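Colleague: Now for the letters of each chain:
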Amino acid sequence: MIRAAHAIPTKTPYAQQVETDLLATLQPMGRPGRLWVASLLAVCGVALIALIIQLRNGLRVTGMNDMVSWGVYMTNFVFFIGISHAGTLISAILRVTGAEWRRPITRLAEAITVFALIIGASMIMIDMGRPDRLLNLIFHGRLSSPILWDLCSVTTYLTGSFIYLYVAMIPDMPMVLRDARLHGRSKWLVRFYELLAIGYKGTPAQERFLNRALGAMAVIIIPVAISVHTVVSWIFGMTVRPGWHSTIFGPYFVIGAIFSGTAALITAIALFRRAYRLHKYLTDDCLRKLAALLVALTLLYGYFTLSEYLTTWYGGLGTERRLIDLLMGASPYGVTFWFWAVTGLFIPLGLLIMPSKRSIGGIITASVLINIGMWLKRYLILVPTLETPWIPPHNSGVALTYSPTWVEWAITAGGFAAFMLLYTVFARVFPIVSIWEVAEDAEPAEKVADMKPRERFARPAFVAIRALLLAGGIGALGAVGATTRLQAQAAQPRGAQLVLTMAVVDEEERLVAAVTAAGRPFKGARVAFAVKRVFSPMALGEEVTGADGKASVPFPSTLPGDSTGALAVSAEIISPDRLAGTRGETLMPGAPVVRAEPNEAWPPRALWSTRAPIGVIATLCTLLSVVWCTYVFVIRQLVLIKLAGREERQHRYIR
Amino acid sequence: MTLGRREFVRAGLLATGAAAVGIGATAGAPDEASGAPAKTAGDGPSDTVALTPDGRLVAVRAVTQVPAPQRTWDAARRGVPGRKWVMVIDLAKCDGCGECVKACRKGHFTPSDREWIRLYKMRESEETAPYWFPKPCFHCDDPPCCKVCPVGATFKREDGIVLVDNTRCIGCRFCMAACPYSSRVFNWGQPTNPSDSSHVATGPGTGMPRYKGTTEKCDFCASRLAEGELTHCTEACPMGAIYIGDQNEDAVTSGTGSTLQLSKLLRDRAGYRHLEDLGTQPRVFYLPPTNRRYAAPGEPGAETGNVNARVRNP
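Taken in sequence, the protein lines are chains A and B. So the first sequence is numbered by the numbering used here: it starts at 6 and just counts up by one. So the second sequence is numbered by the numbering used here: it starts at 460 and just counts up by one.
Treat the hints as calculated values from the structure; they're not laboratory data. Since the model is a prediction, treat every value here as computed from it, not as a measurement. The reader is advised that the hints may include incorrect statements.
Unchecked claim - The list that follows gives simulated cross-link-like pairs (lysine to any residue, SDA-like), each with its CA atoms no further than 25 Å apart:
id : chain 1 : residue 1 : chain 2 : residue 2
1  : B       : Lys552    : B       : Leu724
2  : B       : Lys671    : A       : Ser127
3  : A       : Lys294    : A       : Tyr308
4  : B       : Lys561    : B       : Glu688
5  : B       : Lys671    : A       : Leu304
6  : B       : Lys565    : B       : Arg683
7  : B       : Lys723    : A       : Val101
8  : B       : Lys671    : A       : His145
9  : B       : Lys543    : B       : Lys671
10 : B       : Lys671    : A       : Phe144
11 : A       : Lys362    : A       : Leu304
12 : A       : Lys294    : A       : Ile227
13 : B       : Lys671    : A       : Trp411
14 : B       : Lys543    : A       : Pro542
15 : B       : Lys543    : A       : Ala611
16 : B       : Lys552    : A       : Arg525
17 : B       : Lys671    : A       : Leu56
18 : B       : Lys565    : A       : Ala606
19 : B       : Lys565    : A       : Asp71
20 : A       : Lys647    : A       : Leu200
21 : A       : Lys206    : A       : Val644
22 : B       : Lys543    : B       : Leu737
23 : B       : Lys552    : B       : His733
24 : A       : Lys206    : A       : Pro18
25 : B       : Lys543    : A       : Phe144
26 : B       : Lys671    : A       : Thr410
27 : A       : Lys294    : A       : Gly207
28 : B       : Lys565    : A       : Ser541
29 : B       : Lys723    : A       : Glu514
30 : B       : Lys565    : B       : Met667
31 : B       : Lys671    : A       : Pro136
32 : A       : Lys285    : A       : Ala185
33 : B       : Lys561    : A       : Val644
34 : B       : Lys723    : A       : Ala596
35 : B       : Lys671    : B       : Glu688
36 : B       : Lys543    : A       : Ser562
37 : A       : Lys294    : A       : Asp26
38 : A       : Lys362    : A       : Leu283
39 : A       : Lys192    : A       : Val42
Given the sequences, and given the hints that come with them, work out the whole structure.
Modeller: Take a look at the structure:
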């Protein structure tokens, strides 16, 4: 085994210590650990039963109804997507800005992102009435729908988070691999580690490629993360519902996401350092720094909340006023809202605001409260708005309440349990604290000091990516030239005749019915004029014939023709009885109105159409291609790392 | 069918064409046409010969083809060419009897937990008058539901109708959240379908059969309109308060058989659309409830017996 012969270059004692300490987390679990996993599995099992019941019976088993058509699942979706920002965004921002204290917590944060996204995305699938038709999103996807934007940004974010998590883990993999071999781990696990290690040995060339990949990922993942929560907010913001149709919803949700994400990260750090006794690495100092960030985010979220609801309340539009009454007044939602304001905003603020009074216990309490509060807040954004439709409930008499059923609660609990389970398994397989980053930080080695930050992260050689812009009457009334009168006559009873013609009387076009009986003009017959319309004739008026046997009504010159393009005009005698039923009909040209020409290009390009506006397509394609090209760039660096590893081996062989 | 309009005229078949058109509607052919060789209407182009006010004969190009049978989704997505269906509801005539709701339920086999047309007891404020407000789907011209549908399962047809393809719907319910008029209902469980489907139009564009986990709503009785029949609610309304028609023809017809000129009706009676400010451009117009001759909701004598049980006094 040539590869095994390659030991990691000699390390400082500190680095050695870090490695030993952090690899210890990969040891088989003790009794509490197993109990923890077993209980999580039990919760997941109950959730699975609930899910099967729901799949069999449909969403009928939930508390949702035609008015409140989204509920707890959607709340979970927004919550988990929010939590996911903990991660990558915080880790990336701190990495890009070179905050050294980030080193022990980056992996914890990045893992939260990946698993929260997986749970969030599954929540949406559970919420679907027809999960079996999921692929319709690909076969029939409409780019104008915010759900498609969501699909694109969430998959992009998930892919990016996976890559980011993995790239930052590469330098740890040789150590993990060695450790696994040393402890005689299963063959498959060793092979898995081998695969992930891609022959990384920390040669200067490999390090360069790695830094390039990390730098590019850290930069690109920030706009992707922001886009994800913005687009989630747009699922609500793009509708015209009170409480949702708000221009600040994008930033409001992004801030909310980072807020809850940071709180989730603090909670995770607290749990892990207790479970694995990692206080030495996941330090108090680290928690305090995150707490400072959390104060800022609490204030910011409070500010956004005030801004959103004060504007809505003060403006006092009808439906919005009803929403505010429901949300903050004497209703269960009002109680929940103020409970959230106190426990999710003011108490955490009190615990965190004074740096001197900030205790570790207080920080953790505040984080837990914030997380509970943010779940409630998402519920309050969702449900009360759905209970405030445009047509007020007191008019419709339709039941407008929602309370989740045990199925929904079970699946929600299952979602949280699955999230923790994934996290636990991850921590069992991979070092939860980045070994190389921590070791590098403490190493006073010249190698690190020499490297200027600019060289390390700031110059991802972005290829300039070109935007891919995707290109995406009436028939002429020809005069025939004939002057022949076209007169259609109906079967005439008792020798009476009605001839329908057109005449211009006093510059007015009139429809003239000439009634003759026994060959002579008939005076005193009441004639009803009508024009044929799709369902039944439309009356044009009635008139009694004069001495010349003629009755006339104004010609409806503005009336468009029927489906043949012509006006089928008719006149019928309604009195006296002996002539009644005598009819005359004729066709006249309809008015040249603007009407829908059979349009080969139906449907037109529009937001509501299956053909999206060019602008929407172009924007989406541009944004997605920029991000995915960066991903390709990063993956290319990984290939280069692998190739560099091989070259190194050959070198040694030749030497 | 290969003849263009020009050739059609040159061939001297004018009179024949006129006769062919005339035969369809009248018993006797005009004298001028009697000597011409007989030809069927199908041989010529789909032009109609019509008489102008100054006595000239002109050819009018037909704007529609024969409606294709809507047995495929492609045809059902397109609708009846040349039509623009429109509804007018005269609130002055509505007495809240709820016959429209009942007829709709019967005609569409809607399960008891939902209504495609709802009867609301409207009252904007204490100071203003109460009135009855039948509310079908508005089939908006800028439909918020179609904007948000991720898979194009709900779509706007050329004839103005907004339909749901319940074989494509993924059940995300975004359309329900987006509709400001709460027009959409969902099949939360396995829906009941009529056991004997021989009298029921099923297949693309009919909304039948129903599927679990999909959205549905009022379809303007699309399959009835295509065959020249009135919608169920229009036909059932004893007051003749609900009109349906073709905006291209500028006429609407009520269940009591009166056909009125749409533009004139809306002008004379100050027609409006509900929540016009939302910009959805509904295809359902309302005539204000002025000079009512029946008891309004809440007043003594208001007819409530027929109204669905879910509609109750506020």
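Colleague: Tell me the hint numbers this structure goes against, listed in increasing order.
Modeller: 5, 7, 9, 16, 18, 25, 27, 33, 35
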